[in-house]
Amino acid sequence: MRIFRILCLSTLSLFTTVLFAQPDIRKQWQTRLITVADGETINLDEGTFVMDATLSMEGKKNITIKGKGIDKTIISFKGQKSGAEGLRVSNCTNITLEDFSVEDAKGDGVKTMNVNGITFRNIRAMWTGKPDKNNGSYALYPVLCENVLIENCIARGASDAGIYVGQSKDIIVRNNKAYENVAGIEIENSLNAEVYDNETYNNTGGLLVFDLPDLKLKRGGHCKLYRNTIRDNNLPNFAPKGNIVGKVPLGTGILLLACTNVEIYENQILNNRTTPTGIISYYMTENPIKDSTYYPYPTSVYIHDNVYSKPRKKATMRGRMGKMYRFKLKFGKDVPDIVYDGILDDKVPNGKFNYSDNKRICIRNNKGASYANLDAANGFKNISRDSAPMDCNPSTTASVQ
Amino acid sequence: MKSRLLIFFSVILTSLCVGAAVDRPHPPKELLSQYGFFKGVLKDQQPADGIMPYSLSTPLFSDYAEKLRFVFIPVGLSAKFNDSSVFNFPEGTVLIKTFYFPVDFRNPSKGRRLMETRLLIHEGSRWIAYPYIWNEDQKDAVYDPAGEVKAVKYVDLNGKKKEHNYFIPNQNQCKGCHNQNEVLVPLGPSARQMNHDMMYSSGKQNQLLYWEQNDKLSGFKPSDAKNVGIVWNDPATGTLDQRARLWLDINCGFCHQPQGPAASSGLHLHMQESDPLRIGINKTPVAAGRGSGDRRFDIVPGKPVESILIFRMESDDPGIMMPELGRSVKHQEGIALIKEWIAGMK
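First to last, the sequence lines map onto chains W and U.
According to the numbering used here, the first sequence is numbered sequentially starting from 1.
According to the numbering used here, the second sequence is numbered sequentially starting from 1001.
Simulated from the structure, these hints should not be mistaken for lab results.
Computed from a predicted model, the values in this text were never measured in an experiment.
Some hints here could point you the wrong way.
Stated by the list, open to error - Cut-off 30 Å, straight-line C-alpha distance, at most; resulting in silico cross-link-like pairs (DSSO-like, lysine-lysine):
#1 W:Lys27 to U:Lys1067
#2 W:Lys27 to U:Lys1339
#3 U:Lys1346 to W:Lys247
#4 U:Lys1346 to W:Lys27
#5 U:Lys1029 to W:Lys81
#6 W:Lys81 to U:Lys1153
#7 W:Lys381 to W:Lys352
#8 W:Lys290 to W:Lys169
#9 W:Lys81 to U:Lys1339
Work the whole structure out from these sequences, hints included.
Given below as structure tokens:
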């Protein structure tokens, strides 16, 4: 605390007449977050600090909040009495959070909303107990942000997604580790995301790119996922029901839901037992679509030059998707590495299995990847394991089927 | 006291006159008493000259705290009336709100404990919020931007002894509610919340009429003064649907609307929303996490217990409950109203 107090002095001098009703650590930190002048750095001391309420920053510019390191500055929200997140940053410009840990928040770990320029660097956000549906939803959670950089972070234990970027624009997620979450990393209704050099393991699903209905930022897309290691994501799903990730089957590597313009390349997709990579429309969620402006089909997807590997083993039988694998798909131990639900938008020019223009799904030059088109539109009647219709490059002229 | 008040506001007004270039707000005063809003003993909350008390027909639920509201509008200036949203207040306006718990809700003469007084000051063409927390001795309230959780106890309207935490938000969290497009705004003083009688030192009178007659409200037709407000818990004032929507509007709609901080959820609970999906009917949650409570939709018509809305209203876990700020206990009567509303839906 000594260092913190010294840092406070410069700001406090403006408020020398101010008394505090009941000073304690949270109050000092919170007061600092309110009174900090634009452009300043808030240095957090080494130690474990237990907070009984959310810490929040609002309406600031060019602020860095910096701890002494992931294992050295630990902010614990165990026993939190108020607030729906650990640290909340809203309505700010150019904020950097680095070198500290946030643990056991009642809701989300670190939530940033309406921030243009948000960097999470060397932050660990986690729930320290077992993966549990009573853990918070998101460990690192930028929403409605622009210019997002998440690097060298660790996310663990989230009952929804460890690293979750929602309704945001211009995003880089790199060199992070996400494990023992329902979803390791999720990019949802977001534009221009590059996700690379991450390792996601022991989650239910490793890396998800979703476009969902009923939201403010409707159409995501233009995502590149490359050089990630996505392995061993076979953890039983522990999300509370009602949440879309609750439908993700264990053993999911990469799942693309109704998203567009996604390129996936040079990833290591290893030992994810059910759906190493899935490309599905929103119809597969079996949720009704009431949003007339929503586009439920995945389009313009290019999956190439990835490495796939997994042992011969049956897909999960758990959950709705597990039932689908067991009773409808019946792959046995020959579980395909890449599945496409095959539900095509009739309004787009298409052949039998794929679109015939630049909206098509292309799968090319992956190592060790088997494929299946699920023919979900026709009750899985004509499941096809032939990947030839998908062998294309979306940047070249379409080969008409 | 009066002279001090005038000095304070003449300072504000002078700085305004010098130019709206006053970029930095005045630092808040250390003590509430230093503003001179009240005459006599501070805790009696007797408004000084020029300060008007007012009340709202359906206030936001705040852990059963009672609220006293006052407004200062600078001499010679007035608020501008409109019939659909919060009035346009001139610069220099201060909205003052004191939260308290009666010792016994059935018998106000047994005294009360003041918890906090929040000031919303309109200065430099923006609103600024300053929270003051009352001392245990109740002699004054101290500026404290960091918020606090305090234990309260009282006897409720049914004669039951109650003990729970009372949550005082930090200064940033004011904007958790008072927020439109990330600009801090007042929420209460509007025609639909204020068109009813109030007891003044001069006697009982319609609030809007009183403001108008004291030159504090312009653009208001005195003939429009009546008791028309829908009161959420008074069936004589509106249908179940109207009262439920009003309760949701006041308690949820400041965030859950297109310009509010909960816009990202796609759930809009403000009065003006008419799309059933946006109101939550058969709407799936987006980022509710464990707030979904294993339920699939925000509102399932006819089935309140299957509706996420009710689950979150019935929780007091900060990671689940809604509203996510400003309460630590459940609003039983509000829950009953919304349950009845959902149960009646087809």
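Given the proposed pairing of W:Lys381 with W:Lys352, does the C-alpha separation stay at or below 30 Å?
Holds, at roughly 14 Å.
Holds or violated: W:Lys290 with W:Lys169, Cα cutoff 30 Å?
holds, 25 Å
Does U:Lys1067 lie within 30 Å of W:Lys27 when you go C-alpha to C-alpha?
holds, 25 Å
Quick one, are W:Lys81 and U:Lys1339 close enough, alpha carbons at most 30 Å?
holds, 26 Å
Between U:Lys1346 and W:Lys247, is the straight-line Cα distance small enough, at 30 Å or below?
Given that 30 Å is the threshold and the Cα spacing comes to 28 Å, the pair holds.
Could you grab the alpha-carbon distance between W:Lys27 and U:Lys1339 and see if it respects the 30 Å cut-off?
Outside the cut-off at roughly 38 Å; violated.
Within a Cα-Cα threshold of 30 Å, do U:Lys1346 and W:Lys27 meet the stated pairing?
violated, 48 Å
Holds or violated: U:Lys1029 to W:Lys81, with C-alpha atoms at most 30 Å apart
Holds - the C-alpha atoms of W:Lys81 and U:Lys1029 are around 29 Å apart, at most 30 Å.
Does W:Lys81 pair with U:Lys1153 here, judged by a C-alpha cut-off of 30 Å?
holds, 18 Å
Of the numbered hints given earlier, the model fails hints 2 and 4; all others are met.
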